[in-house]
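Got two chains here, each in a separate frame; can you build the complex from them with the hints?
The primary structure of each chain is shown beneath.
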Amino acid sequence: KAGVTQTPRYLIKTRGQQVTLSCSPISGHRSVSWYQQTPGQGLQFLFEYFSETQRNKGNFPGRFSGRQFSNSRSEMNVSTLELGDSALYLCASSSGQGGQPQHFGDGTRLSIL
Amino acid sequence: AQKVTQAQTEISVVEKEDVTLDCVYETRDTTYYLFWYKQPPSGELVFLIRRNSFDEQNEISGRYSWNFQKSTSSFNFTITASQVVDSAVYFCALSEAFSNTDKLIFGTGTRLQVFP
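Taken in order, these protein sequences are the chains called A and B.
The numbers in my numbering rise by one with no breaks, and the one at position 35 of the first sequence is 1532.
The numbers in my numbering rise by one with no breaks, and the one at position 91 of the second sequence is 87.
One should not assume that every hint holds.
Claimed, not checked - In the BS3-like style, the derived pairs of lysine-lysine whose C-alpha atoms are separated by at most 30 Å in a straight line are: (1) B:K34 to A:K1554; (2) B:K12 to A:K1554; (3) A:K1554 to A:K1510; (4) B:K12 to A:K1510; (5) B:K34 to B:K(-1); (6) B:K34 to B:K66; (7) B:K(-1) to B:K66; (8) B:K34 to B:K12; (9) B:K66 to A:K1554.
Source of the hints: derived by calculation from the structure; they are not laboratory data.
Chain B extracted, bound-state conformation (with noise of 0.2 Å):
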């Protein structure tokens, strides 16, 4: 079965400290995706990215980067510089790639909270 754990609940930090939200998957597909979604008190959910389990390197957005590790089955997310309008739920979520659907599924989601 898949799943995703979020083991953070909530992270507090203080503005321009790094944070990383770790995120750890499981399936027994060999060919997946695995996403990062933002959700801000509006409660809109906000797409940042993804990536194919074929595609193990980095990447980095600014002040976004990720990590993906699949000896680990690890897709984690750090922000480097937080700032206050980081503060938001982080969701990391898994999808199958041969499958006929789009469906996510999402862990359990990081309360981010940046301190000014």
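Pulled out of the complex, with its shape left as it was, chain A reads as follows (with noise of 0.2 Å):
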């Protein structure tokens, strides 16, 4: 069974540009979670889509926003690029029925000069 996938692996933009972020979620699994990891705040939830809905969001800007497709890809996109927003945005994906294990993707690492 193929895991979790996302892409691209790694990217570098500049400040005040946007980019987007894909995940393809393991077959079968409904929820797709989004997830920050910096050195400083270590792993926070951005949000978590369930078939097409955003059903939690965890606090952060508008400027990140995310939306999930018919076959479960989700993909984020952040808008509006801060030099904080430097990070390994980690997708995960589960059956979405509460409290289920979820599992990762190898993220994908955002660097913004």
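Dropping the structure here:
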């Protein structure tokens, strides 16, 4: 069974630009969550999508948005990039039934210059 | 509010030593799930174990064992006879059981370095 696939693995952007990250969940998983990992803040929950609907959201500004498609694939978008957005962005998928283990991708490392 | 505390920032051991990683959690829920994940240098978070709040039995899987104690709100992880391949950052996490989400609340992680 294929794991969670995130693309791209690495991205370099400059301040003010926008970026879109992609995540393909494990086949059959309907929930996709996104997390930001930084040395200072650790692992922080961004949002969770289930059946194309956002059902939970973390405490991040509106510049961070996402969506989920009918095949459960998800994208995350960050607009007007700031230096502080440099981080490892991790996507995780699960069955979505509450309290289920999340399985993570390798992440996208975003660097803002 | 829910919170997970991993007080040990970094632990260094020599191969074959036993090591215990501590995890203390806070929640007002009576039903919840606890998890441990391993993050090797490659970056991917690898799921190790899930335990629900009603199951206080300790679990052993090879060299890994977990001690869940509701009385002290702790879910500690022990690696017996550590190996160099165990070097990684280990995260403890908490999830609500009856809410409509799989959201995880993570601790700050413990970096384990195992030297040959």
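Pair hint outcome, K66 (chain B) versus K1554 (chain A) [Cα-Cα no greater than 30 Å]: 28 Å, holds
Taking only the CA atoms, is the gap from K12 (chain B) to K1510 (chain A) under or equal to 30 Å? 44 Å, violated
Does K(-1) (chain B) sit within 30 Å of K34 (chain B), going by the straight-line distance between their CA atoms? 19 Å, holds
Regarding the pair K34 (chain B) and K12 (chain B), is the alpha-carbon distance no greater than 30 Å? At roughly 19 Å apart (the allowed maximum being 30 Å), K12 (chain B) and K34 (chain B) satisfy the hint.
What's the verdict on K1554 (chain A) and K1510 (chain A), does the C-alpha distance respect the 30 Å limit or exceed it? Holds. K1554 (chain A) to K1510 (chain A) sits at ~25 Å (cutoff 30 Å).
K34 (chain B) and K1554 (chain A): Cα distance at most 30 Å? With a Cα-Cα distance of about 24 Å, the restraint between K34 (chain B) and K1554 (chain A) holds, given a limit of 30 Å.
Given the hinted pair K(-1) (chain B) and K66 (chain B), is their Cα-Cα distance within 30 Å? Cα-Cα ~15 Å, so holds.
Taking 30 Å as the top limit, are the C-alpha atoms of K12 (chain B) and K1554 (chain A) close enough? 43 Å, violated
Is it true that the CA of K34 (chain B) sits at most 30 Å from the CA of K66 (chain B)? Since the Cα atoms of K34 (chain B) and K66 (chain B) sit roughly 23 Å apart, the hinted pair holds (cutoff 30 Å).
Hint violations for this structure: numbers 2, 4, all remaining hints satisfied.
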